[in-house]
Structure formats: C-alpha cells, structure tokens
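Student: What follows is each chain in one-letter form.
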Amino acid sequence: MMRIVIGEGSCGIAAGALKVHKAIENALENKSKIEIGKTGCIGMCFLEPIVDIYDGKKLLRRLVRVSEEDAGAIVEAAETEDFSKIENIAISEEDEEFLSRQTRIALRHCGIIDPTSIEDYREEDGYKALKKVLETMTPEEVIEEIKISGLAGRGGAGFPTWFKWNAARQSKTEGKKYLICNADEGDPGAFMDRAVIESDPHSLIEGMLIGAYAIGAEEMIVYVRAEYPLAIKRLEKAIEQARENNLLGKNILGSGFSCEMIIKAGAGAFVCGEETALIESLEGKRGMPRIKPPFPAQRGYMDEPSNINNVETFANVAWILNNGGAAFAAMGTENSKGTKVFALTGKVKRSGLIEVPMGKTLREVIFDIGGGIRGEKEIKAVQLGGPSGGCIPKNLLDTVIDYRALAETGAIMGSGGMVVMDESTCMVGMAKFFLDFTALESCGKCVHCRIGTKRMQEILTRIVNGKGREGDIELLEELCEAVKDGALCGLGQTAPNPVLTTIKYFRNEYNAHINEHRCPAKECAAMLTYKIDEEKCRGCTLCAKKCPAKAISGEVKKPHIIDENLCVKCGACSKVCRFGAVKIL
Amino acid sequence: MDKIKITIDGKEIFVENGKTVLEVAAENGIEIPNLCYNKNLKIYGACGLCVVEINGAQKLFRACATAAADGMVINTDTPRVKRARKVALELIMSDHVGDCKGPCSLNCPAHTDVQGYLKQIALGNDKKAVEIIKKKIPLPASIGRVCPHPCEANCRRKFVEEPLSIAYLKAFAADNDLASPEPYKPEVAKATGKRVSIIGGGPAGLSAAYYLRLAGHTVTIYDAMPEMGGMLRYGIPEYRLPKSVLAKEIKAIEKLGVLMKNNVSIGKDISFEEIRKNSDAVLIAIGAWKGSSIRCPGEELEGVLSGIDFLREVNLGKRPDIGKNVAVVGGGNTAMDACRTAVRCGAENVYVIYRRTRAEAPAEDAEIEEAIEEGVNFKFLTNPAEIIGENGKVKEIKLQIMELGEPDDSGRRKPVPVEGKFETLEVDTVISAIGQKCSAFGLDSVELTKWGTVAANENNMLTNLEGVFAAGDATNNGASIAVDAIAEANIAAKAIDAYLSGLPLEFFKPYYSEKEVKEKDFSGKEKIQRAVMPVRTPEKRKKNFNSVILGFSEEQARNEAKRCLECGCHDFKDCRLIRYANLQPIVPEKFKGQEHKSFVERKLVTIERDQGKCILCNLCVRTCKEEAQKGILGLVGRGFETVIKPEFESPETVRFCKDCHKCADVCPTGALKILE
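These protein sequence lines map, in sequence, to chains A and B.
Throughout, this note's numbering is defined as the position within the first sequence, counted from one, plus 14.
Take the second sequence: its letter number 374 is residue 359 in this note's numbering, and every next letter is one higher.
Treat the hints as calculated values from the structure; they're not laboratory data.
Note that beta-carbon positions come from the ideal geometry of N, C-alpha and C, so glycine has one too.
Fair warning: there could be bad hints in the mix.
Said to hold, decoys possible - Dumping the calculated DSSO-like pairs for lysine-lysine here, alpha-carbon to alpha-carbon at most 30 Å: (1) Lys186/A / Lys71/B; (2) Lys610/B / Lys306/A; (3) Lys4/B / Lys306/A; (4) Lys(-10)/B / Lys299/A; (5) Lys306/A / Lys275/B; (6) Lys577/B / Lys498/A; (7) Lys71/B / Lys518/A; (8) Lys306/A / Lys643/B; (9) Lys512/B / Lys498/A; (10) Lys190/A / Lys4/B.
Said to hold, decoys possible - Covered stretches of chain A, as calculated for chain B (at least 3 residues, CB under 8 Å): (11) 107 to 116; (12) 460 to 467.
Stated by the list, open to error - If you only want the chain A side, here are some residues facing chain B, beta carbon under 10 Å, derived: (13) Ala421; (14) Glu422; (15) Thr452; (16) Ser456; (17) Lys498; (18) Asp499.
Pulled out of the complex, with its shape left as it was, chain A reads as follows (with noise of 0.2 Å):
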C-alpha cells in the first residue's frame, strides 16, 4: 500500500503543511489506491514541509520544502512509482545527512508515526514495556533498571533519574503520590518537548506511567504551556485513547495498577520551569519557587510526596525497559549516559532538531549535522542552555557532549538549546539579550534575583550603548558571583552563567565597548558609523529613499553622502545598497 505522509508538527504547519495536506487530498481523489496520512516533527526544521512517500513502511522518498503546485506531481509519483518527476524536491544526499548521523531514542517515533493514532504507536512496540513491567516487574525493579541505565534529568539539571524515583518511592504518606511532567519548555530557543508531545504523545504516556508504577502514584499531571496548543490537542487525543484502551484509569491491564492522567496549561511563566514554582502554580498560587528542602520528593504538590521529570526523560523510558538499562548506558560517556536532544539554531547551514549520543563533540554536531556555518562566515561561538547557559568559544568545540566538561567550560548542558554564532554576533550583545529575557522572567521572590538581574541588565544595556564605564567588568563580574551564591532557584542561579561565560572568553570584546567604544562585531547600532564610499556609489538613490531619517542626500548619479548627526543607524542603506558603497565603521 502507498502512502502519502505529510509532516504535521507546529513547524510543518507553520511552514504550510496543512495546505500541501489538502493540496495532496484533491489530487488524490478517486485514487483509493493510495492512502494520505501525517506524522510530527521530524526536526528536520529547515526543509519543511515535508512530505513522505511510503510503500508500507518502507520510505521510498523524502520530499522537502514542497508546495501545494508539487501535489499532483507528488500523487502522481506515487500512483506510478516513477519518482523522475519530483526528483527536484527530493531531499538532497547532503541533507540526508542530518538523520544518517543522528541517533534517536527520545524521538524515535517523531516524524514516523501518526501522532494521533495509538495503533501506530503500538505497531511500534507500543505499550509493550508497560506491559512488561506491569505483569513481571516490582517497582524496585523497574528504578534499578533506570539506575543501570544511568538516565538523567533532561530538564537541564542532569540530576540521575532513579535517585528521584527512589526518593519519592521512599517517601511515606497517608494520601496519594504524584508524578508530574514538566513540559513547561521555556529556554527560548528550544522546543523538543513540544516535538515529543506534537509528535510522540503515546511515548510520553507510557514513560510516565512506567514511572507512576515505579514510585506509587496514582495521579499523573502534566504541565504544559498554554502556547503549545497543538501539542495539548494531541495529548488529550492520547490521554483519551489510553483511557479507552484501560491504559489508564482503574485497573491498568488487568495488573491491580490504577493511574489518572490530567493535562494543566500553564500561562508561560518561565520561572514555572523550575520544579518547586511549577508546583505552587499547580496548587493555584503565584509561580514563585519555594525552598529547598523539603524536596518534592518528601513534600511536593499538595504537600505530597510527588516526583516531577521533563519530557524529554520521560521519553526515553520506555525504550529503556524494551531494550534494557546496559543498551542505554552503552551510549555515551562515563558520567553522561545515552542520547540528547539538542535544538540546533542560530548561523548553522541546517538547524532543527537533533538526538545524538554523549560523547560527541560540539564541532560534529555544528558541522556534520549542523552543515556548519551559513555564508562566508567564520564561526566564533555556540551558546548552549538558553539562558541558564553559557557560551563555549570556537577553540572548545572539541568539548564532547557531558554534563560535566560542558559545565567545565562556565555553559551548562540544560535542556538542550544549542545557538550557534558566527564573527557577527556580538558577544556582549548576546548577553544582554538572554539577561534581558531573564529580567523579565524573574519571579521577584528573591533579592538577588529580582534586583540583581535587573542590575546585570542596565550595566549590559549601556556597555552596548557605547556608555559602559570603566570598571563596568569588575562590577559585572561581582554581582555575577554574588547572584549566583544568592539566588533562591535555579533561574537566579544560572542566569549570570551568559555574562560570565562571555566576560570569560571575550573579554577583549567588553573592554573594546567600554574602552574604545567599538563593537568589533558591528552589531551594537550605538557604536557604528554608516559612510558611503564615493568610488564605489553610482548615485543610483535608492538609498537615500530607503532612508527613515532622510539622512542621506545627493544629487542622481553622483555620490551620496550620509549626516551621521541624523543617521539612527538602522542599517537600510547598507542592506538595499548593490554596489557595496555603504561601509560600516
């Protein structure tokens, strides 16, 4: 049987999937013989969307970046399995590359199977480790099994799985345990959660619940943000299947195991990341951490015993008792066991997302998978962890992939954002742009964090502003270091972690801002002076219409001149210019 299968995540359909979808549907009217369907998220981001052509589960091509005029061409392909005719949108060698070289356990379903059926999900080994545990493991089992495995928290802690699960097991109480989901994905720039649920929604069922079984609780919750829509839509779809096939509820196949499963949409407050805020917003308070200990372990949700994991970890459960705790520890590095999601961005030649082993380097994610750099650039650095992370400089791409020599180099590992950056990005910049996110999402419960950010940010935002004042480093540099000993959560902790990273490793880039007033990646628009060199202007005076200030004059096919006094440095000459003729200084 042919199959025409489109990639419906948020990326597809934001890419235009939904239109290829029906496109492909008119074309195949009549044509009963091959059957039209849609998978998730493959992360193959840059190439959407993406359309499938399956002879039953074998692939038989990869078309990419399709438009609604290739659906006949598509239908007709497939009718006739003469593939000539669209060899123009079949993925390329190079690009193919980009999944060749990947090694995909938390997403080993995303991209394949049909998000909203759980027939699909079961063809694939489904519900099969549920059921293995549930009929021939005790709970201390299955967290011995986690144990070798050596997961760890893909939330961005990387604190070891079964240690939680054996806390929370551990705990007593006269009411109920919980296990709670963290999908409330808040690193700008990451989104592997949001592709497992869109995705692989069945996958996060299952890990979860192998995870209920294992600590005794009997309520599952899982907290999403309320702008993942289509990944909430997919999870009630699945929740509901599970139930109907008593996968949830009372009596969990047969095996005396009862488990509830809610969905709670949180209203995207980043600091409700954090485990303990993600609690008070569950309990209906404000989004503020509370301290630690108690840990939610001994007094969680509800002031019970609860146990909370990120997507991402929960993912991988289920793979991990099909194929044994060894298989996963086999993968990886002595302190950093199995695969990573990472969400590859920024100056890379192809970004999505990508699962690779630990172990790897930096430098064969960017370039092997990655593509390398866009254009002529060079690289210059990689942000890795959002805004909790830290920026590694080109001479540390042969860092591998551990939690504990990124965390050498000032970044952290976190949930898996990965920004790369090339000579134009200015690194203070940068900074000032993950602790302007960072501000603002601070919850104003602690000291040093409320103020403290807020304080990093106007010292960032003048330094950019070519008003940095000698010293400016210094004070940088000890309220970074106060900041991270004083906040009260991890949001506070980490977020020096950008600015101390970047002072670090590009410290010469700070000095020439405050010092000399010179952004030497020529990004920050206050240090910058526009000129039109007179050799090269043909006077054509596109310019000078382009100009917002009406900074630009001169007479036609003469050379035009810029008033710095009234240029405000937007860059619209320079870009619409043909001949090269604006410089920046």
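Starting from the structure of chain A, add chain B where the hints point.
Tutor: Using the frame of chain A, we list chain B on its own:
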C-alpha cells in the same frame, strides 16, 4: 529528643534535633542577619542575607531553611558569606527609596538627630530635647548660637518657604534646660580605671572629654589658656556667644568629673612624652591659633595684625589700640567677627577688603547684613596690593581692583586683577582674617600633613602614634567650624573607648538611605513663615559687647519646631535593614538604576504604606494570610516590577482589613506605619 552537635563559628553547640541553623544560632547569641524570616510564618527564603557556609558543601545555604544536622560545621562570617550578604544589601538599598534621616541630620557634621529634638521642642520637652542633642553635641547652648548651621541650608522646608531656624531652637532648648532647677545630667558609667589626657579644651577637647567621661574613663584636659573653651571663648566675640553661657556648659562637663588644667602649655610646662607616659590614651585637640599672613608688601608694619590674635586680645578683656580707621581683610566669619569687634572697640571707619563679591563670601549672609547695619563698609572685589607705612606704622592700604573671571576648582568664579586699577584707603590698622594655621609645637613625634596639621585617620582619628588620637582644627584639613571639630571628637571618643576596651578600630562611615526630592513634591504644603529672631537695634548693639540676639519667645519656639516636615524615617531606630546595612561598608550607588516609584498610600485601615521603602520581603503578605487569616495582600507583577498590593488588585479585598497592625509589626523597614 535526640541531641545533636553542631559547630557555629567555632562554637560547639549541643541542640535538640529538628531546628534550623538560624534558630540554633539565635538561641546561642550568634546573630545571622535576616529580613524575611519570622518564627511564626512559613519559611520563605527571599532576602538572601542569612546565607552561611557549611563545611564540605559547595554552595551557600540559607540558615532560615537549613535544618541543623549532627556534625555540621557552619561559618556565618566568611569572606564569601560577607560578599553575598553585602551585594544583597547593596541591591536592596539600590531599590529602597526613602530617607533614613532628614537632610538636616545628614548634613550636620555631628549627625545630630535634629528631627528627634525638634519634635521634643515642639512638645515642650526641652530637657528631652537636650538629652537627644547631647548625644552628639555636648555644648548646645553655645553651638546653637555660633553654628553656621549646614542643617538649615539643607532643610527641605526651603522648598515650601524657608528652612527651620534649627540652630536657634537648639540654643532655646539648651538655655531653658540650663535655667531649669534640674538640668539634664547624663549617667556616667562605672569607672574603667583608664586615663585619657586631652590636649586642648576647645569644642573638640571638651566634647571628647564629655563622651569619654560618660564611658567611665578618667579624663584630664590640659589647656594653655587661662580658661577652657578654646576658640569658642577666645575666637568668638561675646556679642555672639556670651561667656556666661559657655561657662555654664563647661561647668556641666566639669561636674561629670572631667579634670581641667589651665595655663599648661605642652612643651613648656609639661612634655608631650610625659603626658603619654601618664595616660592610657591621648587626644590632641590643640586647634589652629596662628593667623595666615596677608602676603603683601608692608605686612611687617606695626598695626598689621591677625584676626584671631585681635579677637583673642579682646576676649581676654584687653582693648588693643586700633585707631579710627580699620581695614579687615577676608570674607569669612572670622573677618565678620573682627570687623564687628573693631566697631565695638570704637573704630569709626571699618572696611572689609574682599577680593570676590558678597555672593561668594564664605561668611554667613546674616553676619554680613548685620555688619552692614553696624556701619561696616564692604569693599568687594578689592585685594591688598601693598600696605604703606610711615615711621614703621601703617598709614595706608593700596587695593588692587578685581573682577570675576572663570570658575576655579571650588566652583567659585576666580577673582582677577583689573590691570592698572587701584584704590588707596587711609588706615591705622590692618587686620588679616584670611585663614588660620595649626602650630604643633612640642609634638615632635607626631606625624604632620604638608599643611602642618596633625595627620589622623579619618575613620578613627588615630595618629601615627600608638594610643594617640587627634581631632578638631589641628587635624588633617585644618580649621573649620566648631561642629566639625565636635564631629571629629565624637569619632575620636568612640575610637579611644574602643581602643581602651581592646576592641578593633575599624570604623567606617555609616550608610544612610537618601531620597531625591524636587520642589514640586512639596507643592501642597501650607506655608508658615520662619520665626524671626529678635535682635537689638544696630545703634544699641554697636556700643557694647552684649548679645545681639534676644532669644525666641516660648510660643515662637514651639511653633517654629512644629514646622518640621519630619523627613527622616519613623522606623529608623528599629529598622533592621539599616542596621544590617551598616555591619560592613556598602556602596549601593554602584548599582544605581531603575527604582520603584515612591509614594505613600492609605488603603489599609490605620496603616500607611510607603511603596518606596518596601523591600518585598513579603512578611506583611504572609502575616496577613497566615497569622491574621485574612489574605488581603498579595504580590502583583513580575521580576523587578513586582509590588505588594491588595490581592488581585481588588479594592474590594481591603474591606476585610481590621486594625490588627500585624503587617506593620513585622515590617522590617519603615514601609508600613501605624497611624496614630
């Protein structure tokens, strides 16, 4: 219950299991600063002040939330802890908009609690007012008369109409107290057996003697002059400060048991070394008694004298022969004292030669005004070019005419000569009042500054010699106003007391929160005119040395004191924030940036809330919920913009507020005030 052993700052403590580190420390007299903790409320952990280091752990722990565990070794005062705490306080203070003290107090060199004593004067409690003043100024009747009162220059009442008459109110209260049957007399502490010698019985020496005596030390003042008082007696003319007033205040100090030895000159009657040998600590407070020379040809002529020499002679009861025509050179308060004294000595034409204009003159404007009233002729924009003599005696003074040029380092416009323009005055005497110098005679082992003054550490007034301190006009920057000398004496007394008790001398300038204000902030205030001090008429006062001022009436004084705007914080004495802020030096200015808006609101029953002073410790919110069981207050907004408001910003919730005051009781700052 099980007992466990923990160690805090090296102290081994056995304690019942189940307590936090903060609780155990507090029970054992170790204070760990905290602003958001309250034993009746759930642990919150926001202020970050209670952080401690625990041996073997990488990160810092919040003592309020850390359970004491057996074998735990805790340090509450390590450099890392202090840094985190210091930055926390600097951050809090960078967003704490309010005045700890009024600008009057902050601009008083002695940091007198002006607002405090004005309130007592307004209430009619002069003795209580004097008690407050004497915590900083032991000579209030004298200082109230002579002080150029920087307090008044900074009084915010000036934004309404005119500043309060603070100095005269001080004199008013002190006069009343001195005249009362039982004037204020402070307690003297138990004798310590330590001996302190003070060289110089001026305002600095007398003040230091007062405070050191109160601390229980045996204090002896040595003074070269026949009577105590220093420049207050020999520099200030009788008509400004009657000797009888000064004498009463000195007597009060003597009555506390201070030994006073006059007519003793160091290096002549007794050596400095001998004084040191006989004392456990020494304070040098010798003042600045040498007039600066006029530095123009003819200065050696007979009839040229220095202002302070002239004033001293007159104060000693002599009447120097100054003739009919007298020129006084200088524009400061000594020049005013000299010219007005010359008038009283019978001179007919008295000139003041000053190279700038009236606006730049350092003398108080009222002094200039009164001198003009008394017939003094001010020659502004003139400078002595030459004193011309005849038979070795002054005959004329040739003046260079000046004009104002560009501003100099002090910000005043620099006087420059107008080429070729001169004026000549016939004079019998030229009195130079252009500055004073210190003469450190007999103090050879003491390190001096390049100006010849005694070099002393500003923070503790310690000199280069073990146990030897210095204060007043004789130190560092030299001569200044009396209250400056007293301020230094206060620091020296504190340091000497610490030194004698074997405590460290690491003092630093205290930090106070200050709010920027604008004139328009006071636009709604009712205007009440400043009390005018009754004075004798110029005609009468010219003829003798009787006091120019006649003193406020009772009604005048009480009403004047009531004009006080009470700028300082009502909670200053109990404020935990400011106490912690002064445990180590902090510099919040380095984090100056956006601040919360400062305004006062009265939404809660009997509670006034000052938004600027709120530090978001959330104690009020939690108390209202957990203790008062109301839950009226809540946090609104996120990040830096967070503020405390009625929960969900609903005015309806406020209707549930009763006057339980629990929120104001727990507020660690002055943000919540119970309305009387």
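Student: If a hint holds in the structure, say so; if it does not, say that too.
Tutor: Verification of the supplied hints:
no. : hint                  : in the structure
1   : Lys186/A / Lys71/B    : violated, 41 Å
2   : Lys610/B / Lys306/A   : holds, 22 Å
3   : Lys4/B / Lys306/A     : holds, 15 Å
4   : Lys(-10)/B / Lys299/A : violated, 38 Å
5   : Lys306/A / Lys275/B   : violated, 68 Å
6   : Lys577/B / Lys498/A   : holds, 20 Å
7   : Lys71/B / Lys518/A    : holds, 24 Å
8   : Lys306/A / Lys643/B   : violated, 34 Å
9   : Lys512/B / Lys498/A   : violated, 52 Å
10  : Lys190/A / Lys4/B     : holds, 28 Å
11  : 107 to 116            : violated (count 0)
12  : 460 to 467            : holds (count 7)
13  : Ala421                : violated, 12 Å
14  : Glu422                : violated, 14 Å
15  : Thr452                : holds, 9 Å
16  : Ser456                : holds, 4 Å
17  : Lys498                : holds, 9 Å
18  : Asp499                : holds, 5 Å
Violation of the numbered hints given earlier is confined to hints 1, 4, 5, 8, 9, 11, 13 and 14; the remaining hints are satisfied by the structure.
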